[in-house]
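Peer 1: Make a model of the complete structure from these sequences and hints.
For reference, the chains in residue letters:
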Amino acid sequence: MTSPLEQKKIRITGPSVVTANRTWDGVVIWRTASKGWSPELSDAAIVRTSDEARALLAESVADDVGAVGAYIAPVEVRDGGAVAPGNLREHIRSEGLTIGVAMPAQRQDHVRI
Amino acid sequence: MYAYDEIDRTLINERVTEFRDQVKRRLSGELSEDEFKMLRLQNGVYLQLHAYMFRIAIPYGTLSSKQLRRLAHVARRYDRGYGHFTTRQNIQFNWIKLAELPDAMADLAEVGIHAMQTSGNNTRNVTSDQWAGVAPGEIEDPRIWSELLRQYTTLHPEFSFLPRKFKFAITASAHDRAAIKVHDVGLRLHKNEHGETGFEVLVGGGLGRTPFLGKSIKPFVHGHDLLSYVEAILRVYNQYGRRDNIYKARIKILVHELGAEKFAAEVEEEWRQMDKSALTLDDAAIEEIRSRFSYPAYETLPPMPEQLKKAAHDPQFEAWRKNSVFPHKVPGYAIVTLSLKPVGGPPGDATADQMDTVADLADKYSFGEIRVGHEQNLALPHVAKRDLPALWRALDGAGLATPNVNLITDIIACPGLDYCSLANARSIPIAQELTRRFANHDTANLIGRLHVNISGCINACGHHHVGHIGILGVEKNGEEFYQITIGGRADEHAELGNLIGPAVPYADVADVVEDIVEAYLALRARPDELFVDTVKRLGVEPFRERVYATR
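Going down the list, the protein sequences come from chains D and Y. According to numbering that gives the first Met the number 0, numbering within the first sequence proceeds without interruption in unit steps and concludes at 112. According to numbering that gives the first Met the number 0, numbering within the second sequence proceeds without interruption in unit steps and concludes at 550.
Hints in this document: simulated from the structure, not taken from any laboratory. A portion of the hints provided could be inaccurate.
A few chain D positions that, by computed beta-carbon distances, are all more than 10 Å from chain Y [stated by the list, open to error]:
id : residue
1  : P14
2  : T48
3  : A81
Listed next, the in silico SDA-like pairs over lysine to any residue satisfying Cα-Cα at most 25 Å (straight line) [as the list claims (entries may be wrong)]:
id : chain 1 : residue 1 : chain 2 : residue 2
4  : D       : K34       : Y       : S27
5  : Y       : K475      : D       : A57
6  : D       : K34       : Y       : H49
7  : Y       : K475      : D       : P84
8  : Y       : K475      : D       : P73
9  : D       : K34       : Y       : R24
10 : D       : K8        : Y       : D33
11 : D       : K34       : Y       : K166
12 : D       : K34       : Y       : S31
13 : D       : K8        : Y       : N244
14 : Y       : K475      : D       : P14
15 : Y       : K36       : D       : G35
16 : D       : K8        : Y       : S31
17 : Y       : K96       : D       : H90
18 : D       : K34       : Y       : E32
19 : Y       : K166      : Y       : E260
20 : Y       : K23       : D       : D63
21 : Y       : K36       : D       : E89
22 : Y       : K96       : D       : P38
23 : Y       : K36       : D       : P38
24 : Y       : K23       : D       : R21
25 : Y       : K36       : D       : V27
26 : Y       : K475      : D       : E94
27 : Y       : K23       : D       : N86
28 : Y       : K96       : D       : A61
29 : Y       : K36       : D       : A57
30 : Y       : K96       : D       : V64
31 : Y       : K475      : D       : N86
32 : Y       : K36       : D       : G65
33 : Y       : K96       : D       : E94
34 : Y       : K23       : D       : V27
35 : Y       : K96       : D       : K8
36 : D       : K8        : Y       : L421
37 : Y       : K96       : D       : D63
38 : Y       : K23       : D       : V26
39 : D       : K8        : Y       : E260
40 : Y       : K23       : D       : R10
Note that this is a predicted model, so its numbers are computed, not measured. Where a beta carbon is used, it is the ideal one built from N, C-alpha and C, also for glycine.
Peer 2: Next comes the structure, spelled out in structure tokens:
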């Protein structure tokens, strides 16, 4: 995780959100446009410029009681406006464990021995 | 089992009270996260991807049935109904709520369990052979010394703010099941020519970003001097260990940079001049600790009871017995390893129901005692051989009799990117796929002993460097890739594995392992030449050729 201090230097290259864990129970949350937190990614405030990202992160970090470990994370905004996590780590945080999901491209002739 | 005294109980209870207040102040905003972080880490509380993670110490891997039932209760009441046994004989709960942690800690404290020093830059849980006290040929029970070290180092002010975390492991058997050569300090218990108990001291082992095997710096330290000698090591580390660079802060870097000889000389000089009077263990002190361990009242039993002869006709029972049942120092008894590696399951996980079942079976068949091994399996250390068939049926019913101990599907894996905030790549799905590929017991048996270790990042919690086949997850341009090493081992002949070639993508890992195994089967000199011995004999090259010829 990149610390908020280091993220001051970061320039985002695409749509991003601020995410954290809720302090009292650790649940994954996203910063909303109404200066609150939501456990739904779809509620997250989307920022598109580095200045917006830094401002959103600053107000998020200021809420030290409500959230812990706030940072900027990439998202994809799909046709129709649906928001999806921008990388595997965020996908796992958003959608949950991948355990039980079949490996892709399994070799058909496996267990050859 | 070790029975805590009043001092232990007071210490644990006071810690719960203290942490309850700290959590209260954190949730009210009186403590910031920056102020609170170190306090929670001192109690084994990490923040992971999805939630807080609570790591609980199981000193030298010994648990009572009462304690295991309480862990099951915590899994059920405060978490999601399961726990994860780790490579350092700890257990982790992955979904715990900060607000409920003090209650969980209080429940655990009632049975003498705590989470002190399971994280942070201090001396961590002292680990040992999970067969301690019951292994045939063992010199003496290493848990006596583990417990002495545990008491001595717990909350020791001089060891609470070390340059980096610090791990001890102790073995007292010729075959090292405690992986002492990859610990900051590894202690090999043996006797001198006068029959006195002491330790060969190895220092500077460790995995992670810069792996090293421990170097022997003293062939024999008398047991009476164990604490003072360890203190001398820690003083030298405290004085010279790097605090300016987290990647160079472990004692292994100091030993490497100074050289083992120079480091040993520094320790020797510190030890020579220090006041040892308060640290020298007299026989009475050692006996006091020894007396607090209780041992079963074993019966005189036949080595081959009728029940076992009868059950031997059942091939499923035999398959399990051959892989899971091990000799015990007392005739008529056996050590039974309980595989936490079912086909398709996350390695090292146990549900609350399974924990309760194991606790019940421990009461019925193992004098109420359970062990946790660094391979992420459990063991019942005192099972009468006559009870093995009944135990097997009960374990099988609970999904705890997978006959794969020490086989290719007995995989060590860290939680990886599915849980861990440090991980770059997933570990568990790789392990799950490999267990499916090699699910056929006859296939796994044909391959023989083969340890696959998987880490989701360079921190190496899955001990990939010392896996016969080691798998390390890395990130390349946002994608998961895996470096494969072969030839590592963690026992008394410990070696670090060698890289076979460029990292391969997530989807190819299981195929690569199959290729390596096929190459081994074709190359081994005879059916009983173990994989790791074939690699030792032939080197990496033939395996590299096989894996990369078509990639």
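Peer 1: Given the hint that K475 of chain Y pairs with P73 of chain D, does the C-alpha gap stay at or below 25 Å?
Peer 2: It holds: about 17 Å lies between the C-alpha atoms, which stays within 25 Å.
Peer 1: Decide if the proposed pair is consistent with the structure: K96 of chain Y and H90 of chain D, CA atoms, cutoff 25 Å inclusive.
Peer 2: holds (22 Å)
Peer 1: Regarding the pair K34 of chain D and H49 of chain Y, is the alpha-carbon distance no greater than 25 Å?
Peer 2: Holds, because 22 Å separates the two Cα atoms, which is no more than 25 Å.
Peer 1: Assess, step by step, whether the Cα of K23 of chain Y is no farther than 25 Å from the Cα of R21 of chain D, and give holds or violated.
Peer 2: Holds, at roughly 15 Å.
Peer 1: Compare the distance between the alpha carbons of K23 of chain Y and V26 of chain D with 25 Å, and conclude whether the hinted pair is satisfied.
Peer 2: Cα-Cα ~18 Å, so holds.
Peer 1: For a C-alpha distance cap of 25 Å, please report whether K475 of chain Y and P84 of chain D respect it.
Peer 2: This hinted pair holds, its Cα atoms lying about 18 Å apart.
Peer 1: Has the given pair, K36 of chain Y with A57 of chain D, been kept, meaning a C-alpha gap of at most 25 Å?
Peer 2: holds (20 Å)
Peer 1: Taking 25 Å as the top limit, are the C-alpha atoms of K36 of chain Y and G65 of chain D close enough?
Peer 2: Since the Cα atoms of K36 of chain Y and G65 of chain D sit roughly 15 Å apart, the hinted pair holds (cutoff 25 Å).
Peer 1: Checking one constraint from the list: CA of K8 of chain D to CA of E260 of chain Y, max 25 Å. Satisfied?
Peer 2: violated (45 Å)
Peer 1: Would the pair K96 of chain Y and V64 of chain D pass a check requiring their Cα atoms to be no farther apart than 25 Å?
Peer 2: Given pair K96 of chain Y, V64 of chain D holds - Cα atoms ~15 Å apart, limit 25 Å.
Peer 1: Do the alpha carbons of K8 of chain D and S31 of chain Y lie within 25 Å of each other, as the hint requires?
Peer 2: Between K8 of chain D and S31 of chain Y the Cα gap is close to 24 Å, so the pair holds against 25 Å.
Peer 1: For the pair supplied as a hint, K8 of chain D and D33 of chain Y, is the alpha-carbon distance within the 25 Å limit?
Peer 2: holds (21 Å)
Hint compliance for this structure: hints 5, 11, 27, 35, 39 and 40 are not met, and every other hint is.
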